[in-house]
Amino acid sequence: MKTLTQEIWMEIPQRRAIVSVHDEVERLVEESRVQEGMVLVNAMHITASVFINDNETGLHHDYEVWLEELAPFDGSAARYHHNRTGEDNADAHLKRQVMGREVVVAITAGKLHLGPWEHIFYYEFDGRRRKRLLVKIIGQ
Amino acid sequence: MKTLTQEIWMEIPQRRAIVSVHDEVERLVEESRVQEGMVLVNAMHITASVFINDNETGLHHDYEVWLEELAPFDGSAARYHHNRTGEDNADAHLKRQVMGREVVVAITAGKLHLGPWEHIFYYEFDGRRRKRLLVKIIGQ
Amino acid sequence: MKTLTQEIWMEIPQRRAIVSVHDEVERLVEESRVQEGMVLVNAMHITASVFINDNETGLHHDYEVWLEELAPFDGSAARYHHNRTGEDNADAHLKRQVMGREVVVAITAGKLHLGPWEHIFYYEFDGRRRKRLLVKIIGQ
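Residue numbers (this note's numbering), protein chains in the order written: chain A, 46 to 185; chain B, 46 to 185; chain C, 46 to 185.
It does not matter which identical chain is meant; a pair holds if it fits inside one copy or across any two.
Below, in silico cross-link-like pairs of lysine-lysine (DSBU-like), each with a Cα-Cα straight-line distance of 35 Å or less: (1) Lys-176 x Lys-47; (2) Lys-176 x Lys-156; (3) Lys-47 x Lys-156.
Honestly, the hints are just simulated from the structure, not real lab data. Remember, it's a predicted structure, so these values are computed and weren't measured experimentally.
For reference, chain A alone in the conformation it holds in the complex:
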């Protein structure tokens, strides 16, 4: 069995942003020399997501609006009990559950085995600080 492990650091200057990590994951799969296996890509922080969807800015705008409707930001301690700890990011913990923590992608013949429009993104819901995501590859 071959494995490769890589943490990727992020520092998003805004509170929220969608950032492609696709090329970096592709590069790591190549570097691993795994021909058949799986790659796990996950946020290492609990106010961020890794997800696969379209590389299209209109759609990314729609996610922003939609998630704000489903789990509105409210930095006060009135709506969200989590914010009674002194945090203001309870909404980020909810939004991340909708978009997911991780993706698992097949590796076939040494490449990411993806459909034509599948693209891997990191979604930051509470930025302005250094955070990590993890790429773990196992296979042969």
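Keeping the supplied structure of chain A fixed, place chains B and C upon it in accordance with the hints.
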């Protein structure tokens, strides 16, 4: 390590439908001869999901109604910016995030290791064209 | 390849509860002696979730309130068709899709490879009966 890779083609005649892929995944696990490992089942398109839940048509109806409330269809370009590209399926990209892209299931003693009611489904949110899902098995 | 398979039984006395399974998963990773690999942790029942987020009771309260807004409990057969089968737990099947069925976590140097606040939980949406979750470890 043993692996098996199989793409499964789908062409759903309606816009939306829930289709069992359970027996096919079960058959592929048997064909792989993997005794201990994992199987990844994922949609290869970004307006579809693979999920595990009950094989019960009343519940499937409830998912339809609920997802339409959470992320309503609107084919115009007014509500969803994604539809300004000429598409009308922005809602499908949102619904798919709630239901998920993939499932990972354990293989134990040569069989899918599932609870009594766990059943694997493909959920199409924008059908009427040929699409694929992927089954990737790794183990020994 | 090394593997370890463990079912964990749960009997939650309330209808809903969030229960840490973090230490047990950590212990099983150690027991497996896998140095590099992945661990899958999934609910074996379709009205429960396994998820990773903060070990903070205020946030857990926020999940409860939020999920009840997104997918309200209604034990009657009027709102949810699933309840026409005699069940009263349709809302639990919806809530579980938001929180997810499973997590996949990397194992690096013999340990769970997690960020500083990542904590593994079982989320019961229809308790008061015996249920299982599954831990499956593969690696070397």
